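> As they're listed, the protein sequences go chains S and V.
All residue numbers for the first sequence refer to the working numbering, where the first residue is 1 and numbers rise by one.
All residue numbers for the second sequence refer to the working numbering, where the first residue is 1 and numbers rise by one.
Read the hints as simulated data drawn from the structure, not as lab findings.
Remember, predicted model here, so these are calculated numbers, not experimental data.
From the three backbone atoms N, C-alpha and C, an ideal C-beta is built for every residue, glycine too.
Treat the hints loosely; a few may be bogus.
With the C-beta cut set under 7 Å, the calculated list includes, among others, these residues of chain V facing chain S [as the list claims (entries may be wrong)]:
{"#": "1", "residue": "F58"}
{"#": "2", "residue": "P115"}
{"#": "3", "residue": "A121"}
{"#": "4", "residue": "W153"}
{"#": "5", "residue": "S156"}
{"#": "6", "residue": "Y157"}
{"#": "7", "residue": "S164"}
{"#": "8", "residue": "N166"}
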Amino acid sequence: MLIRYLSLTNFRNYARLELTLPDRPVLLYGGNAQGKTSLLEAIFLLAAGSSPLASSDRELIRWQAEADGLPYARVWAELERDGRRMELDIALEKHTLSNGHTRLQKTIRVNRAQRRQSDLSGKLNVVLFTPQSVDLVSGAPAGRRRYMDDALCQVHAAYSEALERYAKALRQRNAVLRHVRDEGGNPAQLAPFEGTLAHNGVIIARQRHSFLDALSRHARAVHEKLTGNDEWLRLDYLPSFDAAAPPASRNEMGIRLDEEWTSRSDVGLEDLVEAYRQALVARRPREIARGMTTLGPHRDEIHFIASSPTLGTHEVDLGTYGSRGQQRTAVLSVKLAELQWMREETNETPVLLLDEVLAELDRRRRAYLQEQVNSVEQAILTATDPEMFNAGFVERATTLEVKGGIVQSG
Amino acid sequence: MSSSIPPSVTTLIEELSELPGIGRKTAARLTYFLLRGRSDLALRLAQALQDLSERTRFCSICYNITEADPCPVCADQARDHATICVVEGPLDVLAIEQADVYRGVYHVLHGVLAPSQGIFAEDLRISELTARAREGEVEEIILATNPTSEGDWTASYLLSRLESLNMRITRLGRGLPMGGDLEYADAVTLTRALERREQV
Ligand SMILES: [Zn+2]
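Kindly produce the complete structure, drawing on both the sequences and the hints.
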């Protein structure tokens, strides 16, 4: 998979960028806050539909464009996938309504035809690794769920659709819970939304489960190489709802069971949905009091567990007890595992986006990462100083300097 | 707004901008059009608006908008009163009537379940529907809410309220495009959707 051409208009600090990308590593260098990260962010936006570095799409519109009264941003790319050309286009436009509020309109186009966000699935696939990626292990659970969603949405349209439906039904059910609590509304109207939540919640949990299984398997192999076999890494999925558990032991925090329901082949999809729905119904009294839904994928968690074969079987939860260095290495392993997972799922190599990550790594990890960069069709790397890379690599790469939202060949 | 504009003008602009799809600019343009008009358009419009609010009411049976109660459809003895088609709004009744294939009667909900926008079951004519289904000689209820998420949720809720009653409950066939709007569907599509209704 290759990005052939990238065009940005009023995106972050880019007024305008027209960039032809070669089919070999691209090395972007320049000082901080010049636009290196934003370029990778724009590419990620086209792949996943939203930015992992912005809390709202509004932040992506260049502030000067807003000040000039043209609150509009656009990211456009031409790709080559499986020998075929494809155009992806996302436009963001801020409208001011008559009541003074603003609304952001997001228009997604695939090959010039307007599409929904879930239609971006299976188009551009990327793996993004930034200095902030370490939050995946050390940060809040929402970031880990977001990570699973970004990876799965890029590949599986059905997942993306289920996620959209789930989020919509969740907002509705929460509104009904508060309506019952505050205005004495009829609790029977929770049922339609519970049906939608159960159906899509099971789809989401199943996909997350098989994703984490594969990721854990790949990450362990990568991690062994990165640590010289000093450490083993495992990812544990803790679904908020586990239908294999007998009702009494079903734990709100989602305590992991030996046999996870999502992988049990003897439990049919319909049975899972029904058990899930019943669990929601059983929780109604408590959830009406709280005014929110407390069961479902929006409460899932992942744990990063490391153990050292030389130190016996002692296991460590890296999120809580890992050192900064251990957490960094674990994230690198997971990101490279994601690369392999995507390759397996799509039979294409994703575009690898590496933001300032080499500086933090020791020689062994750096060498391994450069090996991975050489294995993909396209990689875009950023660095404050191109000297950081070995001469052979710089020679093969196309180096571009980024300065104040302008990209020029270096 | 400037004080040089008479209050009767600003009032009309404000009232018009309350209408859906009409912003302040359009409201002002419409107001000045009415002011400039040589004909008696403003007066005829005023009369029409007065009639609208004074003469129309909800039909006490189906809750469609009507001048006579019961409405002409409910009053028509030639129609099949054992079949009730449940729709979101009066414009859906209009669309189905124009297709000229349906001989039963209607029930107008005046909306769909949209809790996040503050619209709950209590805001719709749902208890009126269940009462009607319990009392009368109803044999079939066709759930004809739009094929959108909200329309499906509403249909699912109605089904849960009606399924204990001994009658056939159907959902409009899949002829309508997903996410589509009943009131904009053409006659052929509506006819097919009605013919292909399925038991739920
Ligand atoms: Zn009537």
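> Hint by hint, note whether the structure agrees.
Against the structure, the hints:
Given the 7 Å rule on beta carbons, the hint for V/F58 is violated: about 22 Å separates it from the nearest Cβ of chain S. With 7 Å as the threshold, the beta carbon of V/P115 comes within range of chain S, its nearest partner Cβ sitting at about 4 Å, so the hint holds. Residue-level restraint check for V/A121 holds (minimum Cβ-Cβ distance to chain S is 4 Å; threshold 7 Å). Using the Cβ-Cβ criterion of 7 Å, the hint placing V/W153 at the interface with chain S is satisfied: the shortest such distance is roughly 4 Å.
Taking 7 Å as the C-beta cut-off, the interface hint given for V/S156 holds, the closest approach to chain S being about 4 Å. Given the 7 Å rule on beta carbons, the hint for V/Y157 holds: about 5 Å separates it from the nearest Cβ of chain S. Restraint check, V/S164 versus chain S: the minimum CB separation of about 12 Å is more than 7 Å; hint violated. Checking V/N166 against chain S by beta carbon gives a least distance of about 20 Å; that is not within 7 Å, so the hint is violated.
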